[in-house]
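Protein chains in written order, with our numbering: chain A, 1 to 237; chain B, 1 to 290; chain C, 1 to 319.
Hints listed in this document are in silico derivations from the structure and should not be mistaken for laboratory results.
Remember, predicted model here, so these are calculated numbers, not experimental data.
From the three backbone atoms N, C-alpha and C, an ideal C-beta is built for every residue, glycine too.
Be aware that a few hints might be false.
Residues of chain C placed beyond 12 angstroms of chain B at every Cβ, according to the derived structure [claimed, not checked]:
id, residue
1, Ala8
2, Ser134
3, Ala185
4, Arg317
FRET-style restraints, in silico, Cβ to Cβ [what the hints assert, rightly or not]:
id, chain 1, residue 1, chain 2, residue 2, range
5, A, Pro220, B, Leu77, 51 to 61 angstroms
6, C, Asp199, A, Val17, 31 to 41 angstroms
7, C, Phe97, A, Ser138, 37 to 47 angstroms
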Amino acid sequence: MSAILSVKGLKAFYGPVEALHGVDFEVEDGGVTALLGANGAGKTTTLRAISAMIRREGEIAFRGQPLRARNPEDVARLGVAHVPDGRGTFTDLTVEENLRLGAYTRRDRMGVRDDFERVFGYFPRLRERIKQQAGTLSGGEQQMLAIARALLLKPSLLLLDEPSFGLAPLIVTEIFRILRAINEGEKVSILLVEQNAHLALELATHAYLLETGEVVTGGPASALRADDSIRRAYLGY
Amino acid sequence: MVEFLHQLSSGLALGGVYAITALALVMIFQATQLVNFAQGEMAMFSTYVAWQLLQSGWSYWAAFAVTVVASFLGGVLIERVIVRPFANAPVLASVIVFIGLGFIFNALAGFLFGFSVQSFDTPFDGRPWFGNKFMSAHESGSVLVSLIVLALVFAFFRFTPLGLAMRAAAQNPASARLVGVRVGWMLALGWGLAAAIGAVAGMMAAPIVYLDPNMMSGLLLYAFAGAVLGGIDNPWGAVMGGYTVGIVENLLGAYVVGQEVKLSVALVIIVGVLVVRPQGLFGRRIVARV
Amino acid sequence: MARLVWIALFALAAVAPFWLSGYHLYQFAQVMIYAIALLGLNLLTGFNGQLSLGHGAFFAIGGYGAAILIVKFGLPYYFAIPLASVICFIAGFLFGFPALRLGGLYLALATFALAVAAPQVLAFKGFDAYTGGSQGVQVPKPDALFGLHMNVDQSVYWLCLIVAALLFWLAANLVHSRIGRALIAIRDQPIAAETMGVDAALFKTITFGISALYAGIAGGLDAVAVGFVSPESFGLPLSLAFLVGIVIGGLASLPGAVFGALFIEFVPNYADQLTVYFGENAKALPGAVYGVMLILAMALAPSGIAGLMRSLIRMLRRA
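Okay, chain A solo, but in the shape it has when bound (with noise of 0.2 angstroms):
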């Protein structure tokens, strides 16, 4: 596959805390990624450590550069877009605040207003609450929220960190649903980090399972769905 961003021997750091230990994977160039494991395996640190907001070691290529960006914003600034866990939100400003903070870096103020009607086609109850403070949305409107900033960023690479987390799984269905589309429709690449296996495996094409700080397997996300043993051993189901 042709890759937008590899990674080889990443490790990272809290502090003089080690948490991981060379980690190598790539993210197919339009495709979605998903990275799976354990709490605690890594997965949330793998995205911190590609933002660059821990002390990183390693090689990290993105759309074939190498990744020399020392600072999140600069990170930001090349096009990816990170939703973090816990969702990021700025929880006192309103919707729209929120929204045109996700187009800050942007220069191009019609390119701006398309995409705030595309992200408004994909998230049509961001539209109606526009003027409600961020914070009293409910959690998969955040979430929501959260995402449709991030595609204002126009990335190329989208990280998502756990969107699934403490929703309902019929949000968690819609999100997902929405996820392909705009994997498919913008032409996002997606790296993709969950706890629920079973609907990441179903979303991405490519797959690579953590286990405390480690690759310990990846491929084809069919071959990760087929793999009985693996799956049994690692994803509890």
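Given the structure of chain A, go ahead and fit chains B and C onto it with the hints provided.
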């Protein structure tokens, strides 16, 4: 009655100075969780710079403009060079750095401009506005200027992308970074704005309290009282607090406690509010995360 | 080992009046007075983590209290000073209560307010009869200690030395005891400390009281040593000088109080001499020196001179 209105309106005039200073303090507090103890000395120094320009023959508004811009740049510089290195240090370290800054500005002002009390011109000379009987021209002008500053700051934060980015950076720096906001520069801008506002405050206060290197510690105390009263994490509460403190201080000084102990009014307000209702009138309950 | 150093220091200080005199003796008496005040502040801020920008006010209460008791009530200084300092303890304890609810910055604000307002309150005409308004109160010099044959400066000096030694000894015992560990625990991990049964509220208020007590004793001694008290001497600059003293000297360090006292007593003097080179306005420069040193200290030597000494000793031991 006229006398009462007179006291009320001079309270409003000084209250405007306290209000915008309180706003500057709260701006920095919201962004950094730190109180800039050097705010007063920085404002005083800016006022001296303006005074020097005026002494050299500059016209008032030219000197005003240059001082405000220079103070803005100075604030940005101070944040980048002196405050930034201590971003991850304990609170006590930053407080001491601010106090050190205060010492430096105070000393520089004394060294460069001398310690004798100077008078400072006001552009609002002459006859009281609209022929009113209780506000001097300068007091009216001062209130107007403070309202203009407040309006500009409000508009900036509410309607401009940069203002939005600064608000975001103050509320949730991690998320702000993820949308590409350069949080470090937002902090520097915040300091620049606070310094510029301080310069305006000093220039409005100087015609009333006269210019000397120690003019601002009392003023700063009243601004603190205003910020605490209004709620130290609520900018507009702090503004209301500033005006309130100005009026209360003046009225109490004129009718109750006398002019010489007015500062203790501020002390009582601060301690009283912090004991009875620490979040102030408009702030949010302070909840410490365990 | 450290104890030997302290004893040697005490011995050296004890014989100083035989070869120092007049102004120099007075200066070193001031050093000891400041050291007592800094010790009090250090207990509160360094060991217990409560930032006070207003300890000059407690110093003032001690000073004015002693002065008034001596002049208006005719008490001899050895009753007046302790009595005034008890008043300070109570004042500090009472101030400590609201302080409990205040986090670091709010306490800093409140004590800042105290420091700025103090001179005005002291000069208030309503208290004129006792405080002498803006003129202050003249304090007569004490009789010679124990009726021994010595001049006034020596007497004052030895008084300060004895009191300082006693207070340092008490503070050392406090700091190295369970109470001291509790204080430090409260500073570093207040919630954990509470869950271990440390009554943080009580400790914090008592510490406030004790630190005010120390400042008050220092103030009382100062009133006697200088010979008068006036509102001007007890303003914000004094409180800030105390803070400078403990930071430069070394937070949470007993020797730090001595280093800090030496600093705040002598540095302004040397800065004064700069006026020879830079002209009259250079008397402002001590402030700039203070400011720069504060910032440098936080950047390079956050543990102050005491910390530097400790590092030096460690380096020498290894060599």
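### Hint check, failures only
As far as the earlier hints go, only 2 is violated by this structure.
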